[in-house]
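Engineer: Here is how the chains run, residue by residue.
Number of protein chains: 4
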Amino acid sequence: MDNKPTVESVQALITRGPFHQWLGLQVQRVADGEIDIKATWRPEWVVNPDGGYTHGGILATLIDLTADWALVSTTGRGVPTIDMRVDYHRPAMKGDLVCKGKVVKGGKLFSSCEAQIYNAEGQLLASGRGVYAMPAPKTA
Amino acid sequence: MDNKPTVESVQALITRGPFHQWLGLQVQRVADGEIDIKATWRPEWVVNPDGGYTHGGILATLIDLTADWALVSTTGRGVPTIDMRVDYHRPAMKGDLVCKGKVVKGGKLFSSCEAQIYNAEGQLLASGRGVYAMPAPKTA
Amino acid sequence: MDNKPTVESVQALITRGPFHQWLGLQVQRVADGEIDIKATWRPEWVVNPDGGYTHGGILATLIDLTADWALVSTTGRGVPTIDMRVDYHRPAMKGDLVCKGKVVKGGKLFSSCEAQIYNAEGQLLASGRGVYAMPAPKTA
Amino acid sequence: MDNKPTVESVQALITRGPFHQWLGLQVQRVADGEIDIKATWRPEWVVNPDGGYTHGGILATLIDLTADWALVSTTGRGVPTIDMRVDYHRPAMKGDLVCKGKVVKGGKLFSSCEAQIYNAEGQLLASGRGVYAMPAPKTA
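Residue numbers (our numbering), protein chains in the order written: chain A, 1 to 140; chain B, 1 to 140; chain C, 1 to 140; chain D, 1 to 140.
Simulated from the structure, these hints should not be mistaken for laboratory data. Do not take every clue at face value.
Pairs count within a copy or across copies, as identical chains cannot be separated in the list.
Stated by the list, open to error - Below 30 angstroms or equal to it, Euclidean Cα-Cα: the simulated BS3-like pairs (lysine-lysine) are:
| id | residue 1 | residue 2 |
| --- | --- | --- |
| 1 | K94 | K105 |
| 2 | K94 | K108 |
| 3 | K94 | K4 |
| 4 | K38 | K4 |
| 5 | K4 | K102 |
| 6 | K105 | K38 |
| 7 | K38 | K102 |
| 8 | K94 | K38 |
Put together the whole structure using the sequences plus the hints.
Structural biologist: Structural data, given as structure tokens:
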């Protein structure tokens, strides 16, 4: 890319996605191979009305997209996920979530990235990995 | 459990979850260690307004919950996911999704289950696995 | 490939690898997108001299290579693993192992494959998945 | 445990396993929830006599056991792997391997751990995760 992505430019790209809007994603930091994103709790996230905790699928979604967008300084956009895996560490109670993503190893055809999901108290709720398909280089 | 779960009884359990309602889950078949669930497309699932395809996090969510509820004939309810993994095979375009879950190996403390997600044309879009924590046996 | 791989031709390819020789691999069946391989127990596989069971790393190795060689009818050779995952179902006691691999979804750049490992009694010991990098097509 | 494990005590436990001996494992550092282990290259590790690189199954084995033994300060021994996953980053050429393991989240019933495998030049070759079954607490 000609220009380094910024919090504002990545936020604009992410906000284009209806699902991203529904997740209330707020980009908080963009660095080379790293990203921090906040996700805004909503009542539809709840799996169990008694316990009130957030469905693991929401956490998996956040792992996937945060790991993906950690690549944005190279890819300039979200890219297809080849596969991903999530480890669940603690129940996610009602509240916004803090998502931190990082490139583990960038490559030409595919890249490995990881992400962690924390609650507002800084406790690790889930962590995981994805492998992402890199965009074909532009030919002149 | 005293009573075998039925499509109706499992649907009632699943519908209690607000996130399940949002996903428009319809239980279609319940067998010993197997389940089929339909999920109803909604515009918020879209990740990219140009391509119109469904976010991989929705597919991951469906893998997780379908594999989990494949255990219902043993567990009688949804149980905590320890970890899960998803392979993405084809983009999921606009449309409802058919989810098939199956127990790979049940255990006392944890069980391995798998699930496949198909589109209405029967094409495999994603498949994956989860390991689930089994409920502690009730003591008399 | 011009010629369909046979049990003999795949065995010859596999036997070239010193690690494959050490694992005592015997190709038993090759079909389109499928393979069966037997691995020959040896005392070095044991992790625990009291229990006598085989190390999980041996099972992981067999998952990886069996899933990989399930692609041989397309690739004509072993290809690089991008990532792999293994679920352990039962301890592997002393004895040869039967490994069954299958392509889940073949692709141009990468393919998803799965494999199961059984003992001589036909009990499922471990199962898993890998994603494999496909060879670049030959240009004329 | 009454006594903190030391490099010597963990080395003695690990060396009991015939497969560990075959892998030439040398414990280099043991800390709370962390371990460093060196593995000694041997010609049987090679998958391809032309390329001379080490089979991915060896790397998977080292990920599994290093992540497992990162728990030793809690478990006092190796414990059963429930499932594991490996991302491959670079080919492992001829040479000893440096394996670093760390507990991601310890638990009562199961724990998540990660490991990285480096070559002698400090390049990351593979990394991964496992979930491990914790020993039942001793009852008085």
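Engineer: All the hints need checking, so say for each whether the structure fits it.
Structural biologist: Hints, verified against the model:
1. K94 - K105: between (33 angstroms within a copy, 21 angstroms between copies)
2. K94 - K108: between (39 angstroms within a copy, 24 angstroms between copies)
3. K94 - K4: This pair counts as neither: shortest intra-copy Cα distance 35 angstroms, inter-copy 33 angstroms.
4. K38 - K4: Result: close within a single copy only, 21 angstroms intra versus 40 angstroms inter.
5. K4 - K102: Within one copy only: 17 angstroms inside, 34 angstroms across.
6. K105 - K38: Both. Shortest intra-copy (24 angstroms) and inter-copy (22 angstroms) distances satisfy the 30 angstroms Cα cut-off.
7. K38 - K102: both (15 angstroms within a copy, 27 angstroms between copies)
8. K94 - K38: both (14 angstroms within a copy, 27 angstroms between copies)
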